[in-house]
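J.: Please arrange chain U on chain C, whose structure you already have, making use of the hints.
Chains C and U, in that order, give the protein sequences.
Under our numbering, think of the first position of the first sequence as 1, with each following residue one higher.
Under our numbering, think of the first position of the second sequence as 1, with each following residue one higher.
No wet-lab data here; the hints were simulated from the structure.
Glycine included, C-beta positions come from ideal geometry on N, C-alpha and C.
Be aware that a few hints might be false.
[Claimed, not checked] Listed next, the stretches of chain C that the computed footprint assigns to chain U, with coverage defined by at least 3 CB atoms under 8 Å from CB atoms of chain U: (1) 3-10; (2) 34-47; (3) 112-123; (4) 131-137; (5) 140-154.
Number of protein chains: 2
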Amino acid sequence: MSPDISLIDSALRTWKSNIDRAGKLFGALSESELQREIAPGKNRLLYIWGHLAAVNDALLPLLGVGEKLHPELDAMFLSNPDRSQQKILSGEELKRAWEEINGSLWAAFSKWTPSEWLQKHTSVSDADFTKEPHRNRFTILLGRTSHLAYHLGQANLVV
Amino acid sequence: MSPDISLIDSALRTWKSNIDRAGKLFGALSESELQREIAPGKNRLLYIWGHLAAVNDALLPLLGVGEKLHPELDAMFLSNPDRSQQKILSGEELKRAWEEINGSLWAAFSKWTPSEWLQKHTSVSDADFTKEPHRNRFTILLGRTSHLAYHLGQANLVV
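Bound conformation, chain C alone:
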């Protein structure tokens, strides 16, 4: 493996390990366990899981992979607070969406070359990217890996 391929391999392993941990943690909970709050008065586990799914779904357009697979997650788990929406996915439905989204991301992630990983993401302009070349796909991957870990730490307090 060349150095750049090895560095990407490390990042993909770390992403995958956090995705798998989250899938195992949330996927093992019953519908009623998913109603538990991560702390008194805070978001429910179902909302945290949906939030992670929505953020990952938004990676598809942000990284130029394609359209969102589940744009409906946005209103349920991202742009509105927990308990504000009448219509919300069940744990069962969320599990399917979670697997579908992460499967699509992985299909792209596992075939990008180093120069593809270093391309700009779609919400930065060409001009800004020239000045700030770190606003690339790889930096987004690492940031979203931290985001997964951040919420895993919270969920683990109550499961």
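T.: Relative to chain C, chain U alone:
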């Protein structure tokens, strides 16, 4: 920047941003605020901060930078549970240790070349490293960045 240098730059930015967030979050708390538990019956904020400091201190030998700067953190915040030790650092003392440890790590991190980042860490044997070359310094950096984010998510529930 060559591709490998760019990839490392992204990882260092993500590490630094988590370190800075943790330093700001914990460093702004009074001694009495640091006594707060992250959830009923769970670890105190002081313990979480000390735990992160101890884990980072252990990176110095693990990554071959040098000896631990604060081996006393181990018994206080890593190998024993919260509230089990009589002698424990204050927030003030922990803040100094935190800055010292992360400063030493950064001094090494910011000068390693790609091939130095891909060297094995010190707790894997040569034979195992030949079979599993991902057990390198870079993978450790990414894992410890997730570890920081994991506990930041918990601490943010109560600050």
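J.: Are at least 3 residues of the stretch 112-123 of chain C within less than 8 Å of chain U when you compare beta carbons?
T.: Satisfied; 4 residues make the cut.
J.: Count the residues of the stretch 140-154 of chain C with a beta-carbon closer than 8 Å to any beta-carbon of chain U: does the count reach three?
T.: Our answer is that it holds, as 12 residues pass the Cβ test (under 8 Å) against chain U, meeting three.
J.: Quick one: see if chain U covers the stretch 131-137 of chain C, three-plus residues with Cβ-Cβ under 8 Å.
T.: holds (count 3)
J.: Mind taking a look at whether chain U covers the stretch 34-47 of chain C? Criterion is 3 or more residues with CB to CB distance under 8 Å.
T.: holds (count 3)
J.: Tell me if chain U covers the stretch 3-10 of chain C under the three-residue, 8 Å CB rule, please?
T.: holds (count 7)
Consistency with the previously given hints is maintained throughout, with no hint failing.
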